[in-house]
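Number of protein chains: 2
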Amino acid sequence: MTSSAAPAYRRMSVEQRRSQLLAAAVDLFGHRRPDDVSVDDVAAAAGVSRPLVYRYFPGGKQQLYEAAVQGAAQELTGRFAVPSSGPPTQRLADALDRYLAYVDEHDAAYGALLRGGSSAGTARTDAIVADVRRQAADQVLHHLAVTGPGPRLAMMVHSWIACVEAVSLAWLDEGKSTPLPELRAWLVDHFTGLLLVTATTDPESAGVAARVLGQETSTSPAGSLAVRLVRLAPAIDHLLA
Amino acid sequence: MTSSAAPAYRRMSVEQRRSQLLAAAVDLFGHRRPDDVSVDDVAAAAGVSRPLVYRYFPGGKQQLYEAAVQGAAQELTGRFAVPSSGPPTQRLADALDRYLAYVDEHDAAYGALLRGGSSAGTARTDAIVADVRRQAADQVLHHLAVTGPGPRLAMMVHSWIACVEAVSLAWLDEGKSTPLPELRAWLVDHFTGLLLVTATTDPESAGVAARVLGQETSTSPAGSLAVRLVRLAPAIDHLLA
Chain A
2 MTSSAAPAYR RMSVEQRRSQ LLAAAVDLFG HRRPDDVSVD DVAAAAGVSR PLVYRYFPGG
62 KQQLYEAAVQ GAAQELTGRF AVPSSGPPTQ RLADALDRYL AYVDEHDAAY GALLRGGSSA
122 GTARTDAIVA DVRRQAADQV LHHLAVTGPG PRLAMMVHSW IACVEAVSLA WLDEGKSTPL
182 PELRAWLVDH FTGLLLVTAT TDPESAGVAA RVLGQETSTS PAGSLAVRLV RLAPAIDHLL
242 A
Chain B
2 MTSSAAPAYR RMSVEQRRSQ LLAAAVDLFG HRRPDDVSVD DVAAAAGVSR PLVYRYFPGG
62 KQQLYEAAVQ GAAQELTGRF AVPSSGPPTQ RLADALDRYL AYVDEHDAAY GALLRGGSSA
122 GTARTDAIVA DVRRQAADQV LHHLAVTGPG PRLAMMVHSW IACVEAVSLA WLDEGKSTPL
182 PELRAWLVDH FTGLLLVTAT TDPESAGVAA RVLGQETSTS PAGSLAVRLV RLAPAIDHLL
242 A
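Just so you know, the sequences run in chain order A and B.
Here the first sequence is numbered in the numbering used here, starting from 2 and rising by one per residue.
Here the second sequence is numbered in the numbering used here, starting from 2 and rising by one per residue.
Possibly wrong hints are sitting among the right ones.
Because identical chains share one entry, a pair is satisfied inside a single copy or across any pair of copies.
[Said to hold, decoys possible] Taking lysine to any residue pairs in the SDA-like style, the calculated list, with each CA pair at most 20 Å apart, reads:
#: 1; residue 1: K177; residue 2: D105
#: 2; residue 1: K177; residue 2: G151
#: 3; residue 1: K177; residue 2: A102
#: 4; residue 1: K177; residue 2: T202
Read the hints as simulated data drawn from the structure, not as lab findings.
Note that the structure is a prediction, hence the values are computed from the model and not measured.
Could you put together the complete structure from these sequences and hints?
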């Protein structure tokens, strides 16, 4: 820091000041329940006066919360992006690791946003959450090399994403007692299992499953699951008569 | 109906009148979004004056909505109960049929309640929804003959219920284009698949899976899935090397 740093901060441009306030809001709303954050908290965190916050965000707390949720959504969807190479279930595992790390870092905010019931939630924040889900589904479909999925495949991906959210919330409720790598491995197994059962009735999903399995290896998540599932064969033998 | 029926209605007891108003509210809130129901609508449906509604429900629309959600929760949880005999996945299919029929009959209300975003939703209605989920999980565990499930099995059941809700909402969004029996069969396959993959890592779930599969037949939902899954064997052969 040079001695000119302080004056430079005071002479922030409109855009810089807005970004600074937004960063403070993203940080506060990202680590507390929205009901536990006030405009005064944002002002204090940014080292500015309350009226200055209102000059940039005339909608006050509501506008700050929506902007913070939008910022969080951008960070979260940025984490979905993983390289398009290697076994698809390994890519899914990598993306899930980043997603679950986000849930861990922002537990209070994640819980409040997805559980609803906060007075700060609005149609706009609901729309942002819905958009994050759509982008998550798009990423999964991208790694399955599918564009324009049919209804069953789309519903499959959508319902798995709902499971990831439900499991994330349940993990927070249980006090994070399950180690994250274990939780992630189970969620990937869940995805693979769901793809397999869907493939037994939906021709499009069968094609996707065949292609995905062709890219898997004996040590990838789907390969590991296949080995474990085959061990259950004796338990279903009587059903195949 | 005898000629004395009409006077008897006018001389309703407090409890009878309350039940009549509640029935009107359950019906209205059960078929429309809460934002599309007013106290006047309830009064008109019950053939009484607006002040009379307020005499029984001083909290007005909010109180009527909460009471209606409670009534709907009782009806819905009543549908979970199916006989404790036969293959467990067949029992699950029967309970799901009743659940999905409820979603079909009460589509607007179901969507509004679970999607949130309505001004009528409160901490109390959230708690009622959470209680319905708990009772659904208890019923599933009952048919699996499990009391006091460990964390992984509890999370498995919980996450499948979240999927059922997500799929129900997606089914409403797609304009109910998937036939209900097909949707139900897929959700049961999903359950069985999830139980199988969870059984590959969690000892308790492995015990439950073995017991459940022992009660299944070649024509039960799990038996049918087993036959279909085995056909996928060639696609995983290269993973078992």
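For each hint, the structure was consulted:
| no. | hint | verdict |
| --- | --- | --- |
| 1 | K177 with D105 | within (8 Å within a copy, 36 Å between copies) |
| 2 | K177 with G151 | between (36 Å within a copy, 15 Å between copies) |
| 3 | K177 with A102 | within (12 Å within a copy, 36 Å between copies) |
| 4 | K177 with T202 | between (36 Å within a copy, 19 Å between copies) |
When each numbered hint is compared with the structure, no violation occurs for any of them.
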